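Colleague: So the chains spell out like this:
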Amino acid sequence: EAGVAQSPRYKIIEKRQSVAFWCNPISGHATLYWYQQILGQGPKLLIQFQNNGVVDDSQLPKDRFSAERLKGVDSTLKIQPAKLEDSAVYLCASSLVGGPQETQYFGPGTRLLVL
Amino acid sequence: AQKITQTQPGMFVQEKEAVTLDCTYDTSDQSYGLFWYKQPSSGEMIFLIYQGSYDEQNATEGRYSLNFQKARKSANLVISASQLGDSAMYFCAMRELNSGYSTLTFGKGTMLLVSP
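These protein sequence lines are chains A and B, in that order.
Numbering-wise, the first sequence is residues 1 to 115 according to the working numbering.
Numbering-wise, the second sequence is residues 1001 to 1116 according to the working numbering.
None of these hints come from the bench; they were simulated from the model.
Keep in mind the model is a prediction, meaning the values are calculated, not measured.
Don't be surprised by glycine CBs; every beta carbon is placed ideally from N, CA and C.
Any given hint might turn out to be false.
Said to hold, decoys possible - What follows is a set of in silico ranges between Cβ atoms, one per label pair, in the way DEER data are often shown:
#1 B:Asp1026 x A:Thr103: 18 to 26 angstroms
#2 A:Gly28 x B:Ile1046: 38 to 46 angstroms
#3 B:Gln1030 x A:Val73: 40 to 48 angstroms
#4 A:Lys44 x B:Pro1040: 33 to 41 angstroms
#5 A:Lys71 x B:Pro1116: 34 to 42 angstroms
#6 A:Gly99 x B:Val1078: 33 to 41 angstroms
#7 B:Ile1046 x A:Ser27: 18 to 26 angstroms
#8 A:Val54 x B:Gln1069: 19 to 27 angstroms
#9 B:Lys1003 x A:Glu14: 30 to 38 angstroms
#10 B:Tyr1064 x A:Leu115: 36 to 44 angstroms
#11 B:Gln1014 x A:Arg16: 43 to 51 angstroms
Claimed, not checked - Which chain A residues stay away from chain B? Per the calculated CB distances, all over 12 angstroms, these:
#12 Ser18
#13 Pro43
#14 Leu45
#15 Arg64
#16 Lys78
#17 Pro81
#18 Ser87
#19 Val89
#20 Val114
Stated by the list, open to error - Selected chain A positions facing chain B (Cβ under 10 angstroms, derived; list incomplete):
#21 Ala2
#22 Pro8
#23 Gly28
#24 Asn52
#25 Asp56
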């Protein structure tokens, strides 16, 4: 079974530029998550989708971050404009239906460096 | 207040020895789940073990076991017979039910280094 795919793996941009990340979850997984992991910290949830609807985006900085999950499969996360403090690893995860006992399966992440 | 606290920034252990990574949590929910993930230098989060709040027995998965002490709100990970490949960051996480959907909250992690 293929795991969660993410691209690109690395991205370097200058502040005020825009950037987009892509995630393809495990086939059949209805729930998709985007996390931000700043160096030295644990991942922090940015947004959670159930199929193509947003379940939780309370920690998403909506003035600069946006995410979509068209057709309930792939998802993109965009930052526009980027700030220095956005330098982090962006992790995508998926789970079957989002239940409390479910395991979330993570992709390899995208390492973003904002200069 | 921190929901998940991992007080050990780093731990060292010799190969083949056992090691315990500490995790305490804070919740007022009765129903919750506790998870441990491993993050090697490649960056991917690898699920290790799960403990439900109503589970009476401690969870075990191969060389991993979870020492769950509900009254103390602790969920320590025990790795037996450490291997060099166990060197990685380890994160404790908790899921609480929130409006019917569950949010996973992570601690800051513990770096484990296994020496030959």
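Colleague: Which hints from the list above does the structure break, by number from lowest to highest?
Modeller: 2, 3, 4, 5, 6, 8, 13, 14, 19, 21, 22, 23, 24
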